[in-house]
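Since chain A is already given, all that's left is putting chain B on it; use the hints.
Those protein sequences? They're chains A and B, same order as listed.
Every letter in the first sequence is one number past the one before it in numbering that gives the first Met the number 0, and letter 382, counting from 1, is 381.
Every letter in the second sequence is one number past the one before it in numbering that gives the first Met the number 0, and letter 124, counting from 1, is 123.
Just so you know, these hints were derived from the structure itself, not from any lab.
Where hints are given, some of them may not hold.
Computed, partial: chain A to chain B, Cβ under 10 Å [to be verified]:
#: 1; residue: R6
#: 2; residue: I313
#: 3; residue: S316
#: 4; residue: F319
#: 5; residue: A322
#: 6; residue: R399
#: 7; residue: D405
Backbone N, C-alpha and C fix where the C-beta goes; we use that ideal spot for every residue, glycine too.
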Amino acid sequence: MTPLALRIALIHLRARGRQTLVSLLGVATGVGFSIAMAALMQGSQLDFINKIIDATPHIMIKDEFRNPAEQPAARRYADGAVALEGAKPTEELRGIKGAGRTVTQLEAMPGLVVAPILRGQVVIRYFGKDEAAAIVGIDPERHRRVSQLAGDIRDGRLEDLHTAANGLIMGDGLARKLGAGMGDTVTVSSPAGVVFKMKIVALFHTGVISLDEGEVYALLKKVQVLQDRQNVVNRIYVKTDDVYGAFDRARAIEARFGYRAESWDEANQDILEALKIRNVIMYTVVAAILLVAGMGIFNVVSTITFEKLRDIAILKSMGFREADIRAIFVLQGLIAGTAGSVLGWALGFGLCQIMSTIEFKVRFATDMTQLPLYYSPWHYAIATVFAMTAAGLAAYIPARRAARVDPVDIIRGAA
Amino acid sequence: MTAPAAKAADGKALVAARGVTRVLPAAVPVTLVHDIDLDIFGGEVMAITGPSGSGKSSLLYLLGLLDRPTEGRIEIDGADTAAMDSDALARLRLEQLGFVFQFHFLLPEFSALENVMIPMRRLGRLDEAAMTARAMDLLGALDLGDLVRKRPDQLSGGQAQRVAIARALANDPAVLLTDEPTGNLDSKNSAAVFDIFEKLAREDGRAVVTVTHDLDLAGRADRRVELVDGTVVSDRHQH
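Here chain A stands alone, though its shape is the one from the complex (with noise of 0.2 Å):
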């Protein structure tokens, strides 16, 4: 029966061919773009998400407790009010306590790997230009294993920190805004009054301006002392090897820590919430557009659905079942949005190539950058099965009603 019908759906649309195209091209559009969105959508989502990975740590143990800590007094009288006058706390040398034995324990766990940080705020002078900028304090050796700092690295090496009793690795932007370069001595100042003359051993270049502009690093010793902080990190940058599974990992090491571990998702929450929206708006629109490209499919159908009345009656007559007219005219709809969806796929990667060759600046990037696009079959499947569900259901209605035709009426009307 299938190859009769097919035969018959492909006879009809040929029949009606230039609106058969028309509608065809709707889907081929929509297709196409879904692609292309796509493409362009997860190409940004993924390359936004590899950033944030690629330049932060997958999971940041910071000195700081999700929940503080009960105070005894409010333990003790669990249903009292408690009130404390003129308790001041004493002041704190802040940051994780038993640092070294955090990270030796972390590092013992399969597929972690770990460095100690410790963060802090500077100013930096150079003949009469100040700067603020942040300091972080590292061990290089832990630190490359950790972060791509390493591959920043324009001018230098990372290892060249010990090369020098001062030295310190700066983003170029922050550089060319002193009016320093590499091998120039700069002085660098702490809120705890500590004083360093250091030397600019390597300049780094991330394309992101507020670390090219904003950060240096050194050594985790001499920041300690630059700080006032003997033995402090505040941070833990932990790197895991599954890093869609960071979360789990960041709650389970907190649970045995205490301190606040963030994963990078978790971190950047509120943003990867916002993508989920734009792809959500994107599925949408695309809908739309296919949606649209179903209503000519529609038009189509029904229009030989209405020219073919005499032809259903007949078929009908001769032992033709309501399922075998319905499949006809459901093919018709099936076969344009096949034959558009293929079209589809051309014009989707067309775009996808030619979106790939435009280069543009972005604002507070220092680099030209080209459009991220992801390449996905998936992408293609989903377009499809979108495209083949509107035109399958455009198709469906019209096919429905013709099924239903009454052939003595047809018959009768045509005598």
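Chain B in isolation, oriented as in the chain A frame:
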């Protein structure tokens, strides 16, 4: 043309109407046919005649299971069709009934050969070669052997109507139901079509039921049933 001789031999009605009434629902209901009892046997050509609006075509559509009676029942080869669903009725039409209408109703995009093969393809009992051979045989027997590749718009009225007859016979039905089959034909072609009907009844043992206004042709039928206002007023054998 193969002969379903057994269908004629046992004397059992191939199609039977028992108290068949068809009323069109409306503000004022219209009775198309009323309380019709009729047995149609293999090997006979039966003409249904009567004035316009007497219910001839309505009766034919009821006998051919294209329409359902409001009262009474239609039996095909002894099987009551009243309780059958639309798919079962379609199956009976496909296997046991063939229709020819006043207008040939050939599918315009298909050749004569393809039109004849459509019911066979739907039935799906024969392979492609066997279907083609049978369609060629049917068309050849109706003197259309040279026109098998022609499309309906390339055929004369008489030729197209003969293709429609071949199509009606494609699945070897026991009953051929024809509604004014000569209405659009000249007298020569009309006579030729009626010759075919006689041959199908006499040689193949089929039942041929034809609705006609042409009293000369009706006079050639074995049996003539006359309707007036939806009721059988006479049912007589003529030869």
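A quick look at each hint next to the structure:
1. R6: 9 Å, holds
2. I313: 4 Å, holds
3. S316: S316(A) check passes; min Cβ-Cβ to chain B is 5 Å, inside 10 Å.
4. F319: Hint holds; F319(A) Cβ to chain B Cβ min 6 Å, cut 10 Å.
5. A322: Given a least distance of 8 Å, the restraint on A322(A) holds.
6. R399: 14 Å, violated
7. D405: 8 Å, holds
Hint 6 alone, counting from the list given before, is not met by this structure.
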